[in-house]
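Asker: What follows is the residue order along each chain.
There are 4 protein chains.
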Amino acid sequence: MTLAHGRPYLAIPGPSVMPDRVLNAMHQPAPNIYEGALLDMVAGLAPDLKAVARTSGHVAIYIANGHGAWEAAANNTLRPGEKVLVLVTGRFGAGWGEVFTRQGVEVQAIDFGKRATVDPAQLEAALAADAAHEIKAVAVVHVDTATSVKNDIAAVRAVMDRLGHPALLMVDCIASLAVDRFEMDAWGVDVMVAASQKGLMTPPGLGFVFFNDKAAARQVESPSFYWDWGPRANPAMFYQYFGGTAPTHHLLGLRAALDMIAEEGGIEAVWARHEKLARAAWAAFEAWGQEGRLELNIADPALRAHAVTALRIGGDDGSRLRAWVEQKAGLTLGIGLGMAEPDDPAWHGFFRLGHMGHINAHMMMGALGVIEAGFVALGIPHGKGALAAAAAVIAEA
Amino acid sequence: MTLAHGRPYLAIPGPSVMPDRVLNAMHQPAPNIYEGALLDMVAGLAPDLKAVARTSGHVAIYIANGHGAWEAAANNTLRPGEKVLVLVTGRFGAGWGEVFTRQGVEVQAIDFGKRATVDPAQLEAALAADAAHEIKAVAVVHVDTATSVKNDIAAVRAVMDRLGHPALLMVDCIASLAVDRFEMDAWGVDVMVAASQKGLMTPPGLGFVFFNDKAAARQVESPSFYWDWGPRANPAMFYQYFGGTAPTHHLLGLRAALDMIAEEGGIEAVWARHEKLARAAWAAFEAWGQEGRLELNIADPALRAHAVTALRIGGDDGSRLRAWVEQKAGLTLGIGLGMAEPDDPAWHGFFRLGHMGHINAHMMMGALGVIEAGFVALGIPHGKGALAAAAAVIAEA
Amino acid sequence: MTLAHGRPYLAIPGPSVMPDRVLNAMHQPAPNIYEGALLDMVAGLAPDLKAVARTSGHVAIYIANGHGAWEAAANNTLRPGEKVLVLVTGRFGAGWGEVFTRQGVEVQAIDFGKRATVDPAQLEAALAADAAHEIKAVAVVHVDTATSVKNDIAAVRAVMDRLGHPALLMVDCIASLAVDRFEMDAWGVDVMVAASQKGLMTPPGLGFVFFNDKAAARQVESPSFYWDWGPRANPAMFYQYFGGTAPTHHLLGLRAALDMIAEEGGIEAVWARHEKLARAAWAAFEAWGQEGRLELNIADPALRAHAVTALRIGGDDGSRLRAWVEQKAGLTLGIGLGMAEPDDPAWHGFFRLGHMGHINAHMMMGALGVIEAGFVALGIPHGKGALAAAAAVIAEA
Amino acid sequence: MTLAHGRPYLAIPGPSVMPDRVLNAMHQPAPNIYEGALLDMVAGLAPDLKAVARTSGHVAIYIANGHGAWEAAANNTLRPGEKVLVLVTGRFGAGWGEVFTRQGVEVQAIDFGKRATVDPAQLEAALAADAAHEIKAVAVVHVDTATSVKNDIAAVRAVMDRLGHPALLMVDCIASLAVDRFEMDAWGVDVMVAASQKGLMTPPGLGFVFFNDKAAARQVESPSFYWDWGPRANPAMFYQYFGGTAPTHHLLGLRAALDMIAEEGGIEAVWARHEKLARAAWAAFEAWGQEGRLELNIADPALRAHAVTALRIGGDDGSRLRAWVEQKAGLTLGIGLGMAEPDDPAWHGFFRLGHMGHINAHMMMGALGVIEAGFVALGIPHGKGALAAAAAVIAEA
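Chains as they are written, first to last, in UniProt numbering: chain P, 1 to 397; chain L, 1 to 397; chain S, 1 to 397; chain X, 1 to 397.
Looking at chain P on its own, in the form it has when it is part of the complex (with noise of 0.2 Å):
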């Protein structure tokens, strides 16, 4: 039999559950593009966005999902030939260096393992070998969803200021926006990368570039087109913001997603509450793991993601898992990404937890509930008394 028939809960890294109120507001006939409400809505878009990223900077709205936020930001910054430093904390660091060396732009990369942060000491060491400051710009991913790791960004542009390094900071928060605190102008971020998908609750459809001052001033002559940040930052016509036709039904959708932002008091008590959400899936988790093969990917509290848990249970108990969960109680975990290819059997044994953007306590005790019944039904050995655990983090709310 099973228990699955009722509201079935996507709980992947991205995209994450839709709000009702978001797909309410996407369902409405196609509003003129010329004149009228859709143009001031617009003009509302961009300080929302940046008060989420906390920058004071410039934003740039791209018809495009993660990838081309990722081209975006590579096309205005960095000239065929120059060198960017890409810091691999998981595919999505691996992904980006990809699209960089598509540019033309040379890929010098250091590779952090899929278990651990950036190590300040390498990437000082790298750095400094840098004397004729060949590097133009350091890219690094905030969160990577794959591993589900979360980047010290402040650490990283503090090696670069005790540096001297001129260097852009590149930073792609398309799983951390509006999930994991992510403070722009604070921590010295230049360019930013981020998507409508996660934290954001928009469909996917929509890539965000948040740059300041000092990379507007290095922008190339000439990016594409389709990429070039500059009128879609601050446009003379409407049509520019977008490049051409506006994505009309996905910005009604990214308005009710932050208003709904707003109006749980910012983004302030919208990190207080991933936070704690996420710790009460670690409780749950570090609670299973003291028997059986479950394991956190990232051992250290500190440096994991809010947005995502990624698991390691060996065998193939995490397809095992993931396959009872969906068919038999309505919830659908994510893949193992990038820790083994699909063909090697190793790929069963990992499995992940989104938590990002549109969650509640019941959707995280249900979630966790769930999977323990499915270890009981797969007789997959856990320790006791995890959804207890979990049930003390969401009561301190």
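These aren't lab readings, by the way, just hints derived from the structure by calculation. Incorrect hints may appear among the rest.
[Stated by the list, open to error] Restricting the straight-line Cα-Cα distance to at most 25 Å, the calculated cross-link-like pairs of lysine-lysine (PhoX-like) are:
id, chain 1, residue 1, chain 2, residue 2
1, P, K214, P, K136
2, L, K276, P, K384
3, X, K384, S, K276
4, S, K83, S, K114
5, L, K214, L, K83
6, X, K276, X, K136
7, L, K114, L, K50
8, L, K276, L, K136
9, X, K214, X, K50
10, P, K276, P, K83
11, S, K384, X, K384
12, P, K276, L, K384
13, X, K50, S, K384
14, L, K214, L, K50
15, P, K384, L, K384
[Unchecked claim] One-sided excerpt, in silico: chain L residues whose CB lies under 7 Å from chain P:
id, residue
16, H5
17, Y9
18, A272
19, R273
20, H358
21, G369
22, E372
23, V376
24, G379
25, A395
Backbone N, C-alpha and C define an ideal beta-carbon position, used for all residues, glycine too.
On the provided structure of chain P, position chains L, S and X as indicated by the hints.
Answerer: Only chains L, S and X this time, still in chain P's reference frame:
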């Protein structure tokens, strides 16, 4: 802080959670009510409704809520001055009696209290005393959402048969249809009343009266135009289905809901899901009840509804818990309807968990999880291991 | 080929076109019906409904269609055996009479045919003959959607006043509320019946009974539980508003519709729009009628409804036209209800154009435009200049 | 007063009217992007898109608007320093040229003005002068929404073939796909660019590049990651379809739109509908133009698009008319894009009527009807009989 910002879960005992698919089906332009697709669609509703009710009899659909369906059942079957025997096991039994009274029907009530089912012995005594067969109908609620008691309808019929009493057996399945096993024909039920907003997963606004040939034969000469079940169940013209304008959008929603029931595997699969989920809830409540004051209103599991569970917790803990889980965790529990008056301090010592309709294991485990969090947060004493116990029941799926 | 693939326009005389905003408002999770936002919202409906009805009296909201509202009005005001004078100007007048009859009320009907309004002289004669004041109520339809006649309600009241007859004046505004000017208090109407699916732009499923203090004072001792307007109009507890479970989603839709009326500029603006659009339609129909057989059912413009226009065209031209515009052009016209029986060949010589509720100049000109195309395509003789004549009326806006 | 309160009709040349069915299909929870139903659905899109484009080639879907699709086409086919011959027949031809330029491609443009199609003789002269075959591609817009001109693509190919010129033929069908007849393979088109928000009836946010094997063979070594059409058209892994996260909700909408095209009878039926509706519009505009200053921008019907009609009316009559029909009648017309600058008084002498996608006879006749009303209201001279003339065209259906 609050952890409620996510998809809220309304776990009151009706209206239940409306499936996205039902809401989507209702988001349509108004259809033609004189010709076309709507007419064909409506013709297919009755067979599917009767399959859900396990009857080969008739069904009349009313634009009304459950109270309207009560009135429809009364209006068709009993003349002013005739007598009905009402078996009261909670607020809704009493409510139906009031509707009969307003129709001029004489009501003889037996009250079995708020924590027990119909006692066959008392019923037998009452019927045996009616040698003249002045009692024309016996009315009983299958599941009373106030007390969460479930009556044994087959047992009621057995008493009537044993005595050869010719009264109609009329059953209120508003809370139980498509939730708890109900066999209209096999159990000898003559008239059954239901509504859209619980197991049928459609917004409030439709009432149903199912009736067999015996009840049809007994129909009073001229029931009211609106309540007359004859043309509704066997219309010569389309508008007679609904005694006037069809409830177009509700019908679209109902069609989707009936499709969902069929796709789940039919009514047996739906019953099995509800039973398992109810048992998971009971396992948690029983474990919590090992310490402190929490108590299931209905002690005997065999007498408990699968649609809702009524709890007694005392003091103001019921109201405090309801407030906490709603404001902090995104879960709305039901008030303790009918257990005390709202201005009585005892009012605050009750709550209910609805678990009917579009509910899966994730939703149930989430509800239980945040209830435990609420107990912890509010310092309400409770037994340990409740969530694990619930998960173990889910694991049987 | 067909040119129908686009947004279809349903121009039947109800249900009318549902605004996207209303459908959107209904596309929501089920709300709590015991506490919270829904309760506050519902409290605000009555004042706005009364503003639309131009009354300071009371309003009871029913989960029902218009036939249910008819029955509610009858059930509260007239005892079995009492007499009502029903003024019949089409199918719906006769229909209301049938509802009274089924309640045991004695119906005295005056039939004014299908092409005329109430004749004050005949009314005066009937009332004058009732020296004993056995007639307890006079019931009349404001606008009959079958004939598209509009009765002069103030004139009916004037006759009653002139004779000092104490009967209640009961008016059916199902098709006219929020369409044609209606002044409940100023015109001396005691009871008024309406429904959601026409001028109120909300799916079928809500009926309304407005009543003044005189009618309230005359209420029968114990109307049925479901129809009793007392608790609905003046509830002590929330559930009494709806005699049980609230029609949650319809209420959300109705709220949006009432907001739209207010934002348009209030009921006077809504009336003015409907009048102008109706006059545009008449201009076209009159021009077409200069050749061929097309004829407006109601000759005198002062007696025509602003909600719907009934046409006579003879032969099978009505049915042919309806089929052509629906299949070829995306317009659904109304059948000629009540003019002939469906199995009478004459049935096919009628059609109706609904123009109530959410309708603007574009929709009206489109309807008229494709009707002309249909005339041309089908070789139906018709006068020239009709569309230009209609456009000239629209130009007065 | 205003007669605009009803369903507004947005008749700008894109975004077009979104069908309720498309919006409904998009009103869904986020689907899993790693497994399940979405993956199967996406695999079925390409065949249906190619059927609409009449090609057996390849299609790459981009999260982008039409400008993004332009850039994708340029990025895959032309190296910096290579030459493209751009045939300009309005704003959009020029716009595509700008995108090429920004990619470092040398643009040779021939401007045919704003009221004419490509002149084969000029094209032939330009190609003949390119004996060295430095021109690697010829780029032309099929339908320019600014001028409403439609170019004869087969004629362009004929010139190229006659000269044996090896350049790629690249066509922008953003405004014409699923509107005007377009035969990619039969007409020898190598690369074709389109977008979702016009004939494909899906909100802005998807761009498409169709290409044949010849174009694939010519692909530059390493186009940008995001624009690379290779993996998108022939993905080894699902995420490659979209170069990262799939645009989940747009895909659901596109699926519904493609289903609607199939159900209408396929692309031939869609083309026939658009042609007839365009001819109805032209009949009206030509009749109005018999008096006063109104003039179709493209004189020769054979050169007019079926997607949009650009009008010249002079003075400020364009802006006055647009304002009147929007505020009074619920119709939004397009501005006269590209005919003059917005700060030039001449700007106000133009307007456009979009008639692409989800449009039927009712919508078209309504648009024409209220335009006539606007002429009357504003005292703008115009010929008589326009609406009757349009209706006569519709009658041919």
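Asker: Would you mind marking each hint as holding or not holding in the structure?
Answerer: The hints, checked one at a time:
| no. | hint | in the structure |
| --- | --- | --- |
| 1 | P:K214 x P:K136 | holds (12 Å) |
| 2 | L:K276 x P:K384 | holds (22 Å) |
| 3 | X:K384 x S:K276 | holds (22 Å) |
| 4 | S:K83 x S:K114 | holds (24 Å) |
| 5 | L:K214 x L:K83 | holds (18 Å) |
| 6 | X:K276 x X:K136 | violated (38 Å) |
| 7 | L:K114 x L:K50 | violated (31 Å) |
| 8 | L:K276 x L:K136 | violated (38 Å) |
| 9 | X:K214 x X:K50 | holds (16 Å) |
| 10 | P:K276 x P:K83 | violated (39 Å) |
| 11 | S:K384 x X:K384 | holds (12 Å) |
| 12 | P:K276 x L:K384 | holds (22 Å) |
| 13 | X:K50 x S:K384 | violated (46 Å) |
| 14 | L:K214 x L:K50 | holds (16 Å) |
| 15 | P:K384 x L:K384 | holds (12 Å) |
| 16 | H5 | holds (5 Å) |
| 17 | Y9 | holds (5 Å) |
| 18 | A272 | holds (5 Å) |
| 19 | R273 | holds (6 Å) |
| 20 | H358 | holds (5 Å) |
| 21 | G369 | holds (3 Å) |
| 22 | E372 | holds (4 Å) |
| 23 | V376 | holds (4 Å) |
| 24 | G379 | violated (10 Å) |
| 25 | A395 | holds (4 Å) |
Of the numbered hints stated above, those contradicted by the structure are hints 6, 7, 8, 10, 13 and 24, listed in ascending order.
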